[in-house]
Amino acid sequence: METLQVDEADGVVTVTFDRPHKKNAVNDVMWGELGEVAGSLVGSTDARCVVLTGAGGDFCSGADLSGETRSSEHQLAAMRRINAIVQGFHELPQPTIAKVDGVAAGIGMNLALGCDLVIASDRARFSEIFARRGLSLDGGGSWLLPRLVGLHRAKELALFADIIPAEEALRIGVVNRVVPVDDLDKVVGEWATRLAAGPPIALAMTKRMLNRSFEQSFEQALDDEARSQTVNFGTRDTGEAIAAFVQKRSPTFEGR
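Residues 1 to 256 in this note's numbering are what the sequence shown spells out, letter by letter.
For the record, the hints were derived by calculation from the structure and aren't laboratory data.
A hint or two may mislead.
Derived lysine to any residue pairs resembling SDA-like cross-links, with alpha carbons at most 25 Å apart [as the list claims (entries may be wrong)]: (1) K22 / G11; (2) K155 / W143; (3) K155 / M205; (4) K207 / A161; (5) K22 / D10; (6) K207 / R194; (7) K207 / F160; (8) K22 / I172; (9) K207 / T235; (10) K207 / G134; (11) K22 / A131.
Based on the sequences and whatever the hints tell you, model everything.
Rendered as C-alpha coordinates:
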(Lines of atoms letter the chains of each structure in order from A; the text may use other names.)
(Lines give C-alpha, C1' and ligand atoms only; values in the text may rest on other atoms or scores of the structure.)
Protein backbone atom coordinates (compact mmCIF):
# COMPACT_ATOMS: atom_id res chain seq x y z
CA MET A 1 0.00 0.00 0.00
CA GLU A 2 1.05 3.60 -0.53
CA THR A 3 0.37 4.98 2.95
CA LEU A 4 0.15 1.94 5.24
CA GLN A 5 2.28 -1.00 6.26
CA VAL A 6 0.30 -4.12 7.15
CA ASP A 7 2.14 -7.01 8.77
CA GLU A 8 0.86 -10.26 10.32
CA ALA A 9 2.69 -12.58 12.69
CA ASP A 10 1.23 -15.24 14.98
CA GLY A 11 -2.29 -13.86 14.74
CA VAL A 12 -1.30 -10.24 15.41
CA VAL A 13 -1.92 -7.81 12.55
CA THR A 14 0.02 -4.55 12.83
CA VAL A 15 -1.29 -1.62 10.79
CA THR A 16 1.24 1.21 10.57
CA PHE A 17 0.51 4.72 9.33
CA ASP A 18 3.39 5.31 6.91
CA ARG A 19 3.68 8.99 6.04
CA PRO A 20 6.46 9.96 8.45
CA HIS A 21 7.37 13.08 6.47
CA LYS A 22 3.90 14.39 7.43
CA LYS A 23 3.91 12.92 10.95
CA ASN A 24 1.53 10.31 9.48
CA ALA A 25 -1.24 12.80 8.77
CA VAL A 26 -4.20 11.04 7.15
CA ASN A 27 -4.85 11.96 3.53
CA ASP A 28 -7.53 10.67 1.19
CA VAL A 29 -5.38 7.81 -0.06
CA MET A 30 -4.81 6.63 3.50
CA TRP A 31 -8.52 6.73 4.25
CA GLY A 32 -9.16 4.48 1.27
CA GLU A 33 -6.45 2.05 2.35
CA LEU A 34 -7.69 2.04 5.96
CA GLY A 35 -11.13 1.13 4.65
CA GLU A 36 -9.66 -1.77 2.68
CA VAL A 37 -7.79 -3.06 5.71
CA ALA A 38 -10.80 -2.80 8.02
CA GLY A 39 -12.94 -4.67 5.51
CA SER A 40 -10.38 -7.46 5.20
CA LEU A 41 -10.10 -7.88 8.97
CA VAL A 42 -13.82 -8.21 9.74
CA GLY A 43 -14.14 -11.76 8.43
CA SER A 44 -10.56 -12.89 9.04
CA THR A 45 -10.08 -16.02 11.14
CA ASP A 46 -6.29 -15.60 11.12
CA ALA A 47 -6.25 -12.09 12.63
CA ARG A 48 -6.71 -12.46 16.39
CA CYS A 49 -5.49 -9.02 17.53
CA VAL A 50 -4.93 -5.72 15.68
CA VAL A 51 -2.25 -3.16 16.58
CA LEU A 52 -2.55 0.36 15.16
CA THR A 53 0.63 2.48 15.18
CA GLY A 54 2.69 5.01 13.25
CA ALA A 55 6.07 5.09 11.53
CA GLY A 56 8.96 7.42 12.22
CA GLY A 57 8.38 8.13 15.90
CA ASP A 58 4.85 9.56 15.67
CA PHE A 59 1.40 8.01 15.79
CA CYS A 60 -0.70 10.38 13.68
CA SER A 61 -0.83 14.18 13.61
CA GLY A 62 -4.44 14.26 12.38
CA ALA A 63 -5.95 14.98 9.00
CA ASP A 64 -3.73 16.26 6.22
CA LEU A 65 -5.26 19.67 5.51
CA SER A 66 -2.72 20.62 2.83
CA GLY A 67 -5.12 19.60 0.07
CA GLU A 68 -2.46 17.66 -1.84
CA THR A 69 -4.66 14.60 -2.36
CA ARG A 70 -8.01 15.82 -1.10
CA SER A 71 -11.08 14.43 -2.85
CA SER A 72 -13.31 16.75 -4.87
CA GLU A 73 -16.47 15.26 -3.35
CA HIS A 74 -18.79 17.31 -1.16
CA GLN A 75 -17.47 17.67 2.41
CA LEU A 76 -20.51 15.97 3.97
CA ALA A 77 -20.17 12.99 1.63
CA ALA A 78 -16.46 12.80 2.44
CA MET A 79 -17.13 12.89 6.18
CA ARG A 80 -19.73 10.13 5.91
CA ARG A 81 -17.24 7.99 4.02
CA ILE A 82 -14.58 8.64 6.66
CA ASN A 83 -17.06 7.98 9.46
CA ALA A 84 -17.86 4.55 8.03
CA ILE A 85 -14.14 3.69 8.11
CA VAL A 86 -13.70 4.98 11.68
CA GLN A 87 -16.74 3.00 12.79
CA GLY A 88 -15.46 -0.07 10.98
CA PHE A 89 -12.21 -0.02 12.96
CA HIS A 90 -14.00 0.68 16.24
CA GLU A 91 -16.34 -2.28 15.70
CA LEU A 92 -13.77 -4.84 14.57
CA PRO A 93 -14.44 -8.16 16.33
CA GLN A 94 -10.74 -8.49 17.22
CA PRO A 95 -9.28 -6.70 20.24
CA THR A 96 -7.39 -3.61 19.09
CA ILE A 97 -4.39 -1.85 20.64
CA ALA A 98 -3.16 1.64 19.80
CA LYS A 99 0.63 1.81 20.17
CA VAL A 100 1.30 5.54 20.50
CA ASP A 101 4.68 7.18 20.24
CA GLY A 102 5.18 10.87 19.56
CA VAL A 103 2.17 12.92 18.53
CA ALA A 104 -1.46 11.75 18.42
CA ALA A 105 -3.56 14.76 17.48
CA GLY A 106 -7.00 15.46 16.07
CA ILE A 107 -8.45 12.48 14.33
CA GLY A 108 -5.16 10.72 15.06
CA MET A 109 -5.92 10.95 18.76
CA ASN A 110 -9.46 9.74 18.19
CA LEU A 111 -8.35 6.79 16.07
CA ALA A 112 -6.20 5.80 19.03
CA LEU A 113 -9.03 6.29 21.54
CA GLY A 114 -11.32 4.20 19.33
CA CYS A 115 -9.08 1.20 19.95
CA ASP A 116 -9.86 -1.09 22.87
CA LEU A 117 -6.55 -0.40 24.62
CA VAL A 118 -4.02 2.42 24.36
CA ILE A 119 -0.36 2.05 25.33
CA ALA A 120 1.78 5.18 25.03
CA SER A 121 5.47 5.88 25.27
CA ASP A 122 6.66 8.37 27.85
CA ARG A 123 7.33 10.88 25.07
CA ALA A 124 3.85 10.61 23.55
CA ARG A 125 1.57 13.63 23.52
CA PHE A 126 -2.10 14.01 22.77
CA SER A 127 -4.32 16.84 21.55
CA GLU A 128 -7.90 17.30 20.39
CA ILE A 129 -6.43 20.01 18.22
CA PHE A 130 -9.55 20.74 16.15
CA ALA A 131 -10.39 24.13 17.71
CA ARG A 132 -6.94 25.45 16.76
CA ARG A 133 -7.84 24.70 13.14
CA GLY A 134 -11.30 26.27 13.33
CA LEU A 135 -12.93 22.86 13.44
CA SER A 136 -15.15 20.87 15.79
CA LEU A 137 -14.49 17.32 16.98
CA ASP A 138 -14.65 14.40 14.58
CA GLY A 139 -13.42 10.82 14.35
CA GLY A 140 -15.75 9.82 17.18
CA GLY A 141 -14.17 12.16 19.71
CA SER A 142 -17.49 13.61 20.87
CA TRP A 143 -18.61 10.07 21.83
CA LEU A 144 -15.32 8.66 23.09
CA LEU A 145 -13.98 11.47 25.25
CA PRO A 146 -16.89 11.83 27.73
CA ARG A 147 -16.92 8.07 28.26
CA LEU A 148 -13.21 7.98 28.98
CA VAL A 149 -12.64 11.13 31.03
CA GLY A 150 -16.07 12.53 31.99
CA LEU A 151 -18.01 15.40 30.45
CA HIS A 152 -16.26 18.39 32.01
CA ARG A 153 -12.78 17.06 31.34
CA ALA A 154 -13.82 16.22 27.76
CA LYS A 155 -14.95 19.81 27.27
CA GLU A 156 -11.66 21.10 28.62
CA LEU A 157 -9.68 18.95 26.19
CA ALA A 158 -11.88 19.86 23.22
CA LEU A 159 -12.47 23.57 23.82
CA PHE A 160 -8.88 24.53 24.73
CA ALA A 161 -7.26 22.03 22.33
CA ASP A 162 -4.21 21.85 24.60
CA ILE A 163 -1.41 19.35 24.04
CA ILE A 164 -1.10 17.01 27.01
CA PRO A 165 1.87 14.76 27.81
CA ALA A 166 1.58 11.00 28.22
CA GLU A 167 1.58 11.06 32.03
CA GLU A 168 -1.36 13.50 32.08
CA ALA A 169 -3.17 11.31 29.53
CA LEU A 170 -2.67 8.37 31.89
CA ARG A 171 -3.86 10.32 34.93
CA ILE A 172 -7.16 11.34 33.34
CA GLY A 173 -7.88 7.97 31.74
CA VAL A 174 -7.06 8.58 28.08
CA VAL A 175 -4.51 5.75 27.98
CA ASN A 176 -4.11 2.40 29.76
CA ARG A 177 -0.35 2.42 30.24
CA VAL A 178 2.65 4.70 29.77
CA VAL A 179 6.01 2.96 29.32
CA PRO A 180 9.54 4.08 28.48
CA VAL A 181 9.90 4.48 24.73
CA ASP A 182 12.49 1.68 24.61
CA ASP A 183 9.94 -0.71 26.17
CA LEU A 184 6.98 0.24 23.96
CA ASP A 185 7.40 -2.53 21.38
CA LYS A 186 7.94 -5.15 24.07
CA VAL A 187 4.93 -4.23 26.19
CA VAL A 188 2.57 -3.92 23.22
CA GLY A 189 3.89 -7.20 21.88
CA GLU A 190 3.20 -8.95 25.17
CA TRP A 191 -0.37 -7.63 25.34
CA ALA A 192 -1.04 -8.45 21.68
CA THR A 193 0.30 -12.00 22.12
CA ARG A 194 -1.94 -12.57 25.14
CA LEU A 195 -5.00 -11.26 23.30
CA ALA A 196 -4.21 -13.29 20.18
CA ALA A 197 -4.07 -16.43 22.33
CA GLY A 198 -7.48 -15.71 23.86
CA PRO A 199 -10.90 -17.10 22.84
CA PRO A 200 -11.87 -15.04 19.76
CA ILE A 201 -15.63 -15.54 19.94
CA ALA A 202 -15.89 -14.76 23.64
CA LEU A 203 -13.61 -11.72 23.38
CA ALA A 204 -15.54 -10.33 20.41
CA MET A 205 -18.85 -10.59 22.28
CA THR A 206 -17.37 -9.05 25.44
CA LYS A 207 -15.99 -6.15 23.40
CA ARG A 208 -19.33 -5.57 21.72
CA MET A 209 -21.24 -5.60 25.02
CA LEU A 210 -18.85 -3.15 26.65
CA ASN A 211 -19.03 -0.79 23.65
CA ARG A 212 -22.84 -0.77 23.95
CA SER A 213 -22.99 -0.59 27.74
CA PHE A 214 -23.77 3.13 28.05
CA GLU A 215 -26.78 2.83 25.76
CA GLN A 216 -28.44 -0.09 27.54
CA SER A 217 -30.37 -0.69 30.69
CA PHE A 218 -29.12 -3.21 33.26
CA GLU A 219 -31.84 -5.60 32.13
CA GLN A 220 -30.76 -5.34 28.50
CA ALA A 221 -27.14 -5.94 29.50
CA LEU A 222 -28.13 -9.08 31.37
CA ASP A 223 -30.04 -10.31 28.33
CA ASP A 224 -26.99 -9.74 26.13
CA GLU A 225 -24.80 -11.59 28.61
CA ALA A 226 -27.19 -14.53 28.64
CA ARG A 227 -27.21 -14.76 24.85
CA SER A 228 -23.43 -14.47 24.69
CA GLN A 229 -22.88 -17.20 27.26
CA THR A 230 -25.31 -19.45 25.40
CA VAL A 231 -23.23 -19.00 22.26
CA ASN A 232 -20.00 -19.60 24.21
CA PHE A 233 -21.19 -22.88 25.71
CA GLY A 234 -21.88 -24.09 22.18
CA THR A 235 -18.30 -23.50 21.04
CA ARG A 236 -15.32 -25.84 21.07
CA ASP A 237 -13.27 -23.12 22.72
CA THR A 238 -15.29 -23.16 25.93
CA GLY A 239 -15.05 -26.95 26.06
CA GLU A 240 -11.30 -26.65 25.55
CA ALA A 241 -11.03 -24.05 28.34
CA ILE A 242 -12.89 -26.29 30.79
CA ALA A 243 -10.82 -29.32 29.83
CA ALA A 244 -7.60 -27.32 30.20
CA PHE A 245 -8.69 -26.13 33.65
CA VAL A 246 -9.36 -29.71 34.79
CA GLN A 247 -6.10 -30.95 33.28
CA LYS A 248 -4.11 -28.02 34.74
CA ARG A 249 -2.74 -26.84 31.39
CA SER A 250 -3.06 -23.75 29.18
CA PRO A 251 -5.98 -23.85 26.70
CA THR A 252 -5.51 -23.60 22.93
CA PHE A 253 -8.31 -21.56 21.38
CA GLU A 254 -9.23 -21.90 17.71
CA GLY A 255 -12.19 -19.53 17.36
CA ARG A 256 -14.70 -22.34 16.85
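(request) Assess, step by step, whether the Cα of K207 is no farther than 25 Å from the Cα of A161, and give holds or violated. (result) violated (30 Å)
(request) Mind checking the alpha carbons of K22 and I172 for me, to see if they're no more than 25 Å apart? (result) violated (28 Å)
(message) K207 and R194 were given as a pair; does the straight-line alpha-carbon distance stay at or below 25 Å?
(response) Holds, because 16 Å separates the two Cα atoms, which is no more than 25 Å.
(request) Assess, step by step, whether the Cα of K207 is no farther than 25 Å from the Cα of F160, and give holds or violated. (result) Not satisfied, since the Cα-Cα distance of roughly 32 Å exceeds 25 Å.
(request) Could you grab the alpha-carbon distance between K22 and D10 and see if it respects the 25 Å cut-off? (result) At roughly 31 Å apart (the allowed maximum being 25 Å), D10 and K22 break the hint.
(message) K22 and A131 were given as a pair; does the straight-line alpha-carbon distance stay at or below 25 Å?
(response) Holds - the C-alpha atoms of A131 and K22 are around 20 Å apart, at most 25 Å.
(message) For K207 and T235, compute the direct alpha-carbon distance and say whether it is at most 25 Å.
(response) holds (18 Å)
(message) Next pair to validate is K207 with G134; report whether the Cα-Cα distance is within 25 Å.
(response) Roughly 34 Å separates the two Cα atoms, so the pair is violated.
(message) Please verify whether K22 and G11 have alpha carbons no more than 25 Å apart.
(response) violated (30 Å)
(request) Mind checking the alpha carbons of K155 and W143 for me, to see if they're no more than 25 Å apart? (result) Distance ~12 Å between K155 and W143 Cα, so the pair holds.
(request) For the pair supplied as a hint, K155 and M205, confirm whether the alpha-carbon distance does not exceed 25 Å. (result) violated (31 Å)
The structure shown violates the earlier hints numbered 1, 3, 4, 5, 7, 8 and 10.
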